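Enquirer: Each chain, letter by letter, is given below.
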Amino acid sequence: MLIIKDLNVSIQDKKIISGLNLEVKAGEVHAIMGPNGTGKSTLAWAIAGNEAYTITGGSITYRGRDLKELSPEERASEGIFLGFQYPVEIPGVSMTNFIRTAINEQRKYRGLQPIPAPEFLAKMEENKKLVGIDSKLTNRSVNEGFSGGEKKKNEIFQMAMLEPTLAILDETDSGLDIDALKVVANGVNKLRSKDNAIIVITHYQRLLEYIVPDFVHVLYKGRIVKSGGKELALELEEKGYEWLKN
Amino acid sequence: MEQIVKTMSLKEQLSDQFQRHRDIIGRNDTPLIAQAREQAFHRFMEQGFPSDHLERWRNTDLKRTLSLDYDQDIVAPALNTEVSNLLRCNIPHFDTFLVSLYNGWYISENGSWITRPDGIVIGSLAQAIKHFSTLVEESFARIGQATRNGLEALNNAFAQDGIFIYVPDHVSADQTIQIVSMVDHDRNLLLQNRNLIIMGKNSRLKLVHCDDSLNQQPSFTNTITEILLGEGAVIDHYKLQNINDNSSVISTTLFHQEANSQLSTHVTVLNGGLIRNDIYVDMEGENCTSDICGLYLVDKNQHVDNQVQVNHLKPYGTSNQLFKGIIDDHARAVFNGHVHVHRNAQKTNAYQSNKNILLTDKATVNTKPFLEIYADDVKCSHGATVGQLDQEALFYIRSRGISYDNARLLLMYAFAAEVINKITIEPLRLRMDDLVKKRLRGELSICDQCVLHCRTKENTVSFDIDMSKI
Chain H
1 MLIIKDLNVS IQDKKIISGL NLEVKAGEVH AIMGPNGTGK STLAWAIAGN
51 EAYTITGGSI TYRGRDLKEL SPEERASEGI FLGFQYPVEI PGVSMTNFIR
101 TAINEQRKYR GLQPIPAPEF LAKMEENKKL VGIDSKLTNR SVNEGFSGGE
151 KKKNEIFQMA MLEPTLAILD ETDSGLDIDA LKVVANGVNK LRSKDNAIIV
201 ITHYQRLLEY IVPDFVHVLY KGRIVKSGGK ELALELEEKG YEWLKN
Chain C
1001 MEQIVKTMSL KEQLSDQFQR HRDIIGRNDT PLIAQAREQA FHRFMEQGFP
1051 SDHLERWRNT DLKRTLSLDY DQDIVAPALN TEVSNLLRCN IPHFDTFLVS
1101 LYNGWYISEN GSWITRPDGI VIGSLAQAIK HFSTLVEESF ARIGQATRNG
1151 LEALNNAFAQ DGIFIYVPDH VSADQTIQIV SMVDHDRNLL LQNRNLIIMG
1201 KNSRLKLVHC DDSLNQQPSF TNTITEILLG EGAVIDHYKL QNINDNSSVI
1251 STTLFHQEAN SQLSTHVTVL NGGLIRNDIY VDMEGENCTS DICGLYLVDK
1301 NQHVDNQVQV NHLKPYGTSN QLFKGIIDDH ARAVFNGHVH VHRNAQKTNA
1351 YQSNKNILLT DKATVNTKPF LEIYADDVKC SHGATVGQLD QEALFYIRSR
1401 GISYDNARLL LMYAFAAEVI NKITIEPLRL RMDDLVKKRL RGELSICDQC
1451 VLHCRTKENT VSFDIDMSKI
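Here the protein sequences come in this chain order: H and C. When you line the first sequence up against this note's numbering, it's residues 1 to 246, in that order. When you line the second sequence up against this note's numbering, it's residues 1001 to 1470, in that order.
Just chain H, same shape as in the assembly:
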């Protein structure tokens, strides 16, 4: 599904990722862990298509398409979703309309008619319940004045609405209390299917108790230095990252 080969990514001539390889197949959940500043978020941005990050070498292909040739909006319409570590506030744009616009633009890209209003509303209701947010929030401007937890829930809400085939969650668990964490995990698990893949970027093993990964990778200095099963996360929790640095 997602094949990353010998990827090199720079921001303003500073090399962040060098020679990263990763393959994610449909139905899999991958966790990416690693110390601060090793390129985890950069990897997420590069997949989603942030133009501030330049791919200087290697390739990212998603379902056979070279992502370098696609704009961020095209990548989204191809089914890639990025849950932001720091969701952006957009004053003046209502949540409801933002999400409807996004759904309809994605549908247009796929040659579909706009979503019928009743279907959209039903989906809104269902997903609001799923992540435990109410209409007060969805009637407000996107992320404006939301608490940290509400912003993260809102990312999961958007993911649930957009139904991506590949979801990348960049530290969605950071700053969440245990109840909010369960909500987030619940939302992710609902998306889990044999056709979809999920990449979870996290510092904590805690999240992985709720979203059980098939693979855990450790990113260090812009490369994956160790990969393993879910037990690797436990090992990291116990030993820290020091033992991998050598």
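Take these hints with a grain of salt, some might be off.
Listed below are several chain C residues computed to face chain H (Cβ distance under 7 Å; list not exhaustive) [what the hints assert, rightly or not]:
(1) Phe1395
(2) Tyr1396
(3) Leu1410
Hint data in this document are derived by calculation from the structure and do not stem from the laboratory. Just so it is clear, the structure is predicted and the values come from calculations on it, not from any experiment. Glycine is no exception: its CB is placed at the ideal position from the N, C-alpha and C atoms.
Chain C: place on chain H using the hints.
Expert: Coordinates of chain C only, in the frame set by chain H:
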């Protein structure tokens, strides 16, 4: 009609015209008005047109405007069409009482002097000189004494007509009054009119004022509107400017507020070659409030300049300025917000904000928030920002599948919406909202669509994104 000889500068031409036709220009004057006119003429001759040596004119250059030749009508021109053909408001559910200025001269289907059932008197300034001579004399005397710049003096020397509105004490207008200033001509035209709006004690008025041009011919409008708010009076004032790229408008609006009066004024600049709004608010009584808002969307080589001066003269006043603009191409925007808190204006609250988005590296903004405070128990704040569209927000929106163009539009619209949402007349807000969206999409042109009197049927604009519920 007076054909102005080409070899002279505009100032010389105007001097020549005034001297040759002062009897015609002043044919309706009372002795006091005639005196104010003469004084103003001499002041204009001394001061001339404002140049960039004046602090308030540092960033607005009138050279291009003044380099053209203009005709100026000294008697009202004949209308070549029925009044009712010109005045047709097509804003749905927007019930207004319409009066109009056609090339600066009063026209109305209802005659030049009427008293409405609610007691409000509406008519031409020329008629007001007969019926309310003292009020008009006072206005001419006030402007005649002002020494701010030569343009005000020039208007005082030449202005003969305009809109006059009188709202008696305790009267609330049951209908929004709408002034449409249309410029329609096949020659370059200079027009100088004067509007005077008098509001009695505890009266209420909603007033919408639109400047439109009906063709692409250059024109130069130098207009003054004076609005006097009596004790406890409340006004909602809206101004919309949508004129052609070859035209200049210098619009001076002077608000005088007596105690407990409430002013809300809102200007939207959609199009124009050079637009300069001078807004003065004098809080002459205690406990006044004023909200002064503006939105400007400029592109190409357009120039827009909003100058606001709020004078807090008495205690317990509150003023709030919010101006936002989006500047594209080579366009330039200027904002100067001056709050002057006088020594005895204690307990003043004054806020000011000016935010700008530059869409290109050739677009320019000069912004100058300016607080001058002589009282010691006041709360004042100001802020100005100049920036680009938020790249992070742009990426966030795009990452959800929304195209670059629409993401940009969404952010621009969201930026503008804060000001549009201050409009409290709902049908007007919806129309302005629609116009701003069209403007941002580049689909608004003064030829095919202006706010009120569209000669062609309005095109239905469909957005790729439905912004109706934003």
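Enquirer: Each hint should be assessed against the structure and marked as holding or not.
Expert: Okay, the hints, checked on the actual structure:
1. Contact between phenylalanine 1395 of chain C and chain H, as hinted, is supported at the beta carbon level, the nearest pair being about 5 Å apart and thus within 7 Å.
2. With 7 Å as the threshold, the beta carbon of tyrosine 1396 of chain C comes within range of chain H, its nearest partner Cβ sitting at about 4 Å, so the hint holds.
3. Hint status for leucine 1410 of chain C relative to chain H: holds, with the closest Cβ pair at about 6 Å, below 7 Å.
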